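Trainee: Please arrange chain C on chain Y, whose structure you already have, making use of the hints.
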Amino acid sequence: MSNMTDHSAESPALEAWRMFRRNIPALFGVAILALIIVLTLYGQLFYDGDAFDVVWAPHEGPGVTPEFPLGTDYLGRDIVAGLLTGGGPTLAVGGAAALITMIIGISMGALAGYYGGWVDNLLMRVTEFFQVLPALLFAMVLVTLFSPSLWTIAIAIGVVSWPQTARLTRAEFLKIKELEYVTAARAIGARNSRIIWKVILPNAMPPLIVSATLTIGVAILFEAGLSFLGLGDPNVMSWGLMIGANREYILDAWWPVTFPGLAIFFTVFAVSLIGDGLNDAFNPKLRER
Amino acid sequence: MTALLDIKDLRVTFNTRYGEVTALDSVALHVNAGETLGIVGESGCGKSITALAAMGLIPMPPGRIAGGSIQLEGEELTTASEARLRKLRGREIAMIFQEPMTSLNPVFTVGQQIAEAIRLHQNVSATQAFRDAVALLDRVGIPSAAERARDYPHQLSGGMRQRVMIAMAVSCRPKVLIADEPTTALDVTVQAQIFDLLNEIQRDFGVAIILITHDMGAVSEMADRVAVMYAGRVVEQSTADNVLDMPQHPYARGLIDCIPALGKGETELKEIPGVVPPLHLLGAGCAFADRCTLKNARCETEKPLLLNHGHHLAACHAVEEGRR
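Protein chains in written order, with our numbering: chain Y, 22 to 310; chain C, 10 to 333.
FYI, nobody ran anything at the bench for these hints, they're computed from the structure.
For clarity, every value in this text was computed on a predicted model and none was experimentally measured.
Lysine-lysine pairs mimicking DSS-like chemistry, simulated, CA-CA at most 30 Å apart:
(1) C/96 - Y/198
(2) C/17 - C/184
(3) Y/219 - C/184
(4) C/312 - C/17
(5) C/96 - Y/196
(6) Y/219 - C/96
(7) C/184 - Y/198
(8) Y/196 - Y/219
(9) Y/219 - Y/198
(10) C/17 - C/96
(11) C/96 - C/184
(12) C/17 - C/304
(13) C/279 - C/304
(14) C/279 - C/312
The following block holds chain Y by itself, in its conformation from the complex (with noise of 0.2 Å):
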């Protein structure tokens, strides 16, 4: 009896882990993105300098002194220090991002997604107006009304960037909620609100993973883009900041800009790596059974 069913299969989510953990450019990103977050986390402990500190002579090129080993910048400010002090805000901005746009837009397209006729054009239509704006000059109005700081910033980059998921959102909860395991639901007797959160919302995660992902790199570009146009936090060092601080004396010294901008863009790769990973993962049609 027991040869009927295959044992081998475990849960959906442990099925998606298998197909990741085969996928070679995803570890890669995961492999990078750790190192990122190894070095941003625990690489003060190895490596003395305060980001902000004036140590040496400005625009000191890289390799020149071995204490400075990526050089100084245009205070001759202590690169290495900068990256590794820089980075913690950079992700902790663009991971609080992405957490606030999944909230705001997988609650407005669940609501107007599960319950439809007018709760779904009144969101819909929000959602629209968020949508035409230009995001980065939304998001430079609202850090520019409230003093710019960590958690304004998250939020600015929440607000303006959420249309997408919701819309996504809207589109996974019209597909399952007509499926038969939802009417089945109700034929139990549960709940609207149960039936949103635990019955269609599981079902329309991967997408909104897969989502979320890139939605991180996303938010770690606009911390950085805004950062760059001076509305970053002054009191933080970001990777950001650093490449906004130096961008005026980029052809007298490419390296204080250059080094945080690789930074970026590796963190913003491995993270699109480990997304589109993700993508394949919960895409039934690559799976083999």
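Mentor: Same frame as chain Y, now just chain C:
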């Protein structure tokens, strides 16, 4: 005695692009405690809408209950609040669906799903609910139930999944169980097992079953009484034996003639010519008139009423007038 579930004169309409279409008209059905009512008819005749109406699950809009009443133990359901209906669903009246492949949530184990159904209506701990779920799985004939409870739906066969659905449906000991074509998607051998199980469940739990099907074999095996539906109306109703042995309405007769008998050497399969008319094109007369060999002028202009003809309720002018 009053019936457990009593549907009277039910009229359900849907707003479509053809305007308001009547999906159910003057439907009268009842089921008593512990008995099985079979509802038969072709696709689109209103069987499933009747079931959804009894569950209070007709999507509104576009659907609307335009008239009539549905009473469960004397309690009116058509005017009941959503909160009240939610309490009744699962606990008093439960449903199993046609497609066991798609009616279970793919991201939770079957044990979790049954346990959740139990916890919706009973105040028990999660561990106790899971233990009850395992016991139910065992009850519906799933071998090594404790292990299977930790399986996901896609790991089970169609027959197993339908057993899981039955376990979930009876988890709160409902008084009425609606089975909407429960075996259509299953192999013939598995079909028989599921019917046996439903019979057993009925005996043990004393539940009344409404079996919706287009399989006359299933009806003869399961049902005490049978209602034949056509184009949103009940056209014939009687005991299962009466309907199967001496159907009155020409449509019921046609349905029964369509069953090929094994070993009779029939060379040609019988059929009822034509198709069920689209609901928005129903005229003033009998909906079956276009396909009926017994029709006359009255059939084209006047809707027949469901009248008592001895042992049968039938809605047909020809039966009324004794034409054969």
